[in-house]
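Line order of the protein sequences matches chains H and D. All residue numbers for the first sequence refer to this note's numbering, where the first residue is 128 and numbers rise by one. All residue numbers for the second sequence refer to this note's numbering, where the first residue is 14 and numbers rise by one.
Treat the hints with care, as some may be off.
Which bits of chain D does chain H cover? Going by a derived footprint, with three or more residues having C-beta under 8 Å, they are [what the hints assert, rightly or not]: (1) 61-74; (2) 103-113.
A few chain D residues facing chain H, derived, Cβ under 7 Å [claimed, not checked]: (3) 29; (4) 31; (5) 54; (6) 55; (7) 58.
In case anyone wonders, no lab produced these hints; they're calculated from the structure. Positions of the beta carbon are idealized from the N, C-alpha and C atoms, including for glycine.
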Amino acid sequence: GNSVTQMEGPVTLSEEAFLTINCTYTATGYPSLFWYVQYPGEGLQLLLKATKADDKGSNKGFEATYRKETTSFHLEKGSVQVSDSAVYFCALSDRSGGYNKLIFGAGTRLAVHP
Amino acid sequence: GAGVSQTPSNKVTEKGKYVELRCDPISGHTALYWYRQSLGQGPEFLIYFQGTGAADDSGLPNDRFFAVRPEGSVSTLKIQRTERGDSAVYLCASSLGQGEKLFFGSGTQLSVL
């Protein structure tokens, strides 16, 4: 079945450091891929998405490229801020029914220190 | 309201009791989803409504779990004979239509003692 694997946390970085959070997936067909973020005390929010191979999703300085050949969708940011501290979830949707039945990874906690 | 509202935010119950969790989606959103997030894990799909009907309930773990959306807006997730393993955060999400962006509520933390 479909699944998502992402790197374990916590990831601890200093402000302005480079961030990579790895995500790989297993899926039949051509899923859509997503990164969601959960800030402390808030609900899950869509950060970015990509719907086909070689698409790059980007938002708030974060980027991720849909790599079909390596079945990956790694999240990157060139310079993190303290306000980026949150839990990040990689997810896929196979859209076979036309709706977003999301399969999530376990989440990666990011802590950014001044 | 501006976002998806879930009540209560916290629910503590005893093993064997019945609980109801409520979700108020964003006004006008026809699609509604329930997910369950156990500690240290990502959310897991439970059920999807399009309008009043449950289009996909394949994620409900067993027949103790049931959800309704009688008027195509508010939804209630019902859990009978609760077990300690049901303890988790129950998340609701809505979207404008099938396949559109999901907006999540802050969840209901259910604790079964």
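Hints, one by one, checked against the model:
no.	hint	in the structure
1	61-74	holds (count 4)
2	103-113	holds (count 6)
3	29	30 Å, violated
4	31	26 Å, violated
5	54	5 Å, holds
6	55	3 Å, holds
7	58	5 Å, holds
Comparing the model with each numbered hint stated earlier shows that hints 3 and 4 do not hold.
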